[in-house]
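Peer 1: Please put together the full structure from these sequences, using the hints given.
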Amino acid sequence: MSDHNHIKLPEGSIGKTTTTLNLGPTHPATHGVFQNILELDGERIVKAEATVGYIHRAFEKIAERRPLYQITTLTDRLNYCSSPINNMGWHLTVEKMLGIKTPKRVDYLRVIVMELARITDHLICTSIVGVDAGAFTGFLYVMQYRELVYEIYEEICGARLTTNMGRVGGFERNFSAAAWEKLERFLKEYPKAQKELEALLVRNRIFYERTRGTGAISAERALNYGFTGPNLRATGVDYDVRVHEPYSSYEDFEFQIPVGTTGDNHDRFIVRTEEIWQSLSIIEQAYRKIQSFKGAEAEVYHADVPEYYLPAKEDVYTKMEALIWHFKIVMGETDIPPAEVYQAVEGGNGELGYYLISDGGRSPYRLHFRRPCFIYYQAYEEIVKGSMLSDAVITMSSLNLIAGEMDA
Amino acid sequence: MFLTRYFSEIAEAVGSLLKGMRMTGYYFTHHKEIITQQYPDNRATLVLPERFRGEVVMTHTENNEHRCTGCTACELACPNGTIKVVTKFEVNAEGKKKKAVDKFVYLLELCTMCNLCIEACPTDAIRMAQTFEHSVYDRSQLTRILNKPDSKLQEGVE
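From first to last, the protein sequence lines are chains Y and B.
The numbers in my numbering rise by one with no breaks, and the one at position 396 of the first sequence is 396.
The numbers in my numbering rise by one with no breaks, and the one at position 154 of the second sequence is 1154.
Note that these hints are calculated values from the structure, not bench results.
Treat the hints with care, as some may be off.
Straight-line C-alpha distance at most 30 Å; calculated DSS-like pairs for lysine-lysine [to be verified]: (1) Lys1088/B - Lys1099/B; (2) Lys1103/B - Lys1084/B; (3) Lys1148/B - Lys1098/B; (4) Lys328/Y - Lys1103/B; (5) Lys313/Y - Lys1098/B; (6) Lys1032/B - Lys328/Y; (7) Lys192/Y - Lys1032/B.
Just so you have them, the derived chain Y footprint on chain B, three or more residues with Cβ under 8 Å [what the hints assert, rightly or not]: (8) 1022 to 1036; (9) 1109 to 1117; (10) 1123 to 1137.
Cβ coordinates follow ideal geometry from the N, Cα and C atoms, glycine included.
Peer 2: Listed below in structure tokens is the structure:
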């Protein structure tokens, strides 16, 4: 028998004592399309290899060929759990580049929408941590209110998940009466559901034991990786873009930044639950501020920038300038001034940044999304090394790794 | 002694059963507060939000007239190439050649319902419909021609 008929095993595979496990790319525990190649010794993780790129859609490259207003549809699909924040962040970036000043009411409307999105994002994250620890009920308690928030989006813009909400300069329409009504209902009824979720998980012995001390990262390591958002705050660093570089009139609001101490799964969970309460208080403040506007100011929903904001349909049909602006905007013929801007917003997960370079053309020369999830996933390897497989799954959900944001 | 315990246990069991069934009983008497929707049985009464973006449709009057001038603003505004406006030249009563829409092709399978085409239309010819049941057995059925056959441009729109 010749030599080549024998099956050749990879070198060192016979003496190997560890198991290789592919967690992902499609696995119920990963909550998205990304892969971890884990080296297991029993149930303990010896080595983890994080793989990204399964849902890469080349958004940054596509954006180079699009007029600015069409890029909003791409930002929807970054962190799809809180797409309005992405939309507003993009509008803020363009406004910063074009030098547009938005009225206060627009800012407050944006704050309401962004905080609602933050609540839904944190809701998903906190309740999914519960699900991964084996407590499915809490997830169902709060999903009803996530649905209510999605209905509010529906009333504002017409879509639920990929919202494409607002435009450069404001919103395309004013909020409808039904949207305000549903928002009031949300503010009234939601705290009860949130308390129920907290009663289930916070100070629950099983949940506490499962999350305490697992998936921990030190503040120094987190800063070195470039962590932001709740995951950094859980380590004890009080960095929040809303406070350190206020955008959209966040300086008008009173709120606290919850911080943790150890940066483990439990702290991340607690920081997110507390942030939901803070977001609720911000929405209430913004709602009161909006109600205090009187007269013509109470109907403002966009900045007065005819060069960049689509005119009303009646004006297009009757006024010469409006018609010209309308077609110029739609055809993407408005030249962008050559500039380089970076605008960051506090996304559901952390600092969501837009780095936009224009060379004076009609579409961006280069656009980069600073996606927090991508950064968290780089640290995943280090965080889970030495922990149990079941803890690695909780770590994944408590870091709130969302595949759409990981690969732009 | 034995009997009292026996009956108190029965009372306790009934009490805990009622406690457990409290929400069920509540919803039994409060029909309007039930969250679960009996879709698809409630199709007739289903109310979608006014601004819901289901699919692009072209509005037609009773005289089979639409408002589309064939300016292709929607085609330019669409990020995905969902809309193709095929135009033709029509000779009007004065003998002048005029551009008009021949076929307004809408590819539903590519559409992301982003509303940009509706915003771009200067004459309000297209709108978003509140339909959402788009599944079909054959993909070719998703390619739709939105202007109805023999429809004309509405008087006064140009």
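Peer 1: Within the region 1123 to 1137 of chain B, is the number of residues with a Cβ closer than 8 Å to a Cβ of chain Y three or more?
Peer 2: holds (count 3)
Peer 1: Need the status of pair lysine 313/Y, lysine 1098/B: alpha-carbon distance at most 30 Å?
Peer 2: holds, 23 Å
Peer 1: Keeping to a limit of 30 Å between CA atoms, is the pair of lysine 1148/B and lysine 1098/B held or broken?
Peer 2: Judged against 30 Å, a Cα distance of about 20 Å means the pair holds.
Peer 1: Straight-line Cα separation of lysine 328/Y and lysine 1103/B no greater than 30 Å?
Peer 2: Holds. Lysine 328/Y to lysine 1103/B sits at ~25 Å (cutoff 30 Å).
Peer 1: Is lysine 1103/B close enough to lysine 1084/B, meaning Cα to Cα at most 30 Å?
Peer 2: holds, 8 Å
Peer 1: Report holds or violated for chain Y covering the region 1109 to 1117 of chain B, Cβ cut-off 8 Å, minimum 3 residues.
Peer 2: holds (count 5)
Peer 1: Under a C-beta cut-off of less than 8 Å, do 3 or more residues of the region 1022 to 1036 of chain B approach chain Y closely enough to confirm the stated coverage?
Peer 2: Our answer is that it is violated, as 1 residues pass the Cβ test (under 8 Å) against chain Y, missing three.
Peer 1: Given the hinted pair lysine 1032/B and lysine 328/Y, is their Cα-Cα distance within 30 Å?
Peer 2: This hinted pair is violated, its Cα atoms lying about 50 Å apart.
Peer 1: Holds or violated: are the alpha carbons of lysine 1088/B and lysine 1099/B at most 30 Å from each other?
Peer 2: holds, 6 Å
Peer 1: Lysine 192/Y and lysine 1032/B: Cα distance at most 30 Å?
Peer 2: Holds. Lysine 192/Y to lysine 1032/B sits at ~20 Å (cutoff 30 Å).
Hints 6 and 8, counting from the list given before, are not met by this structure.
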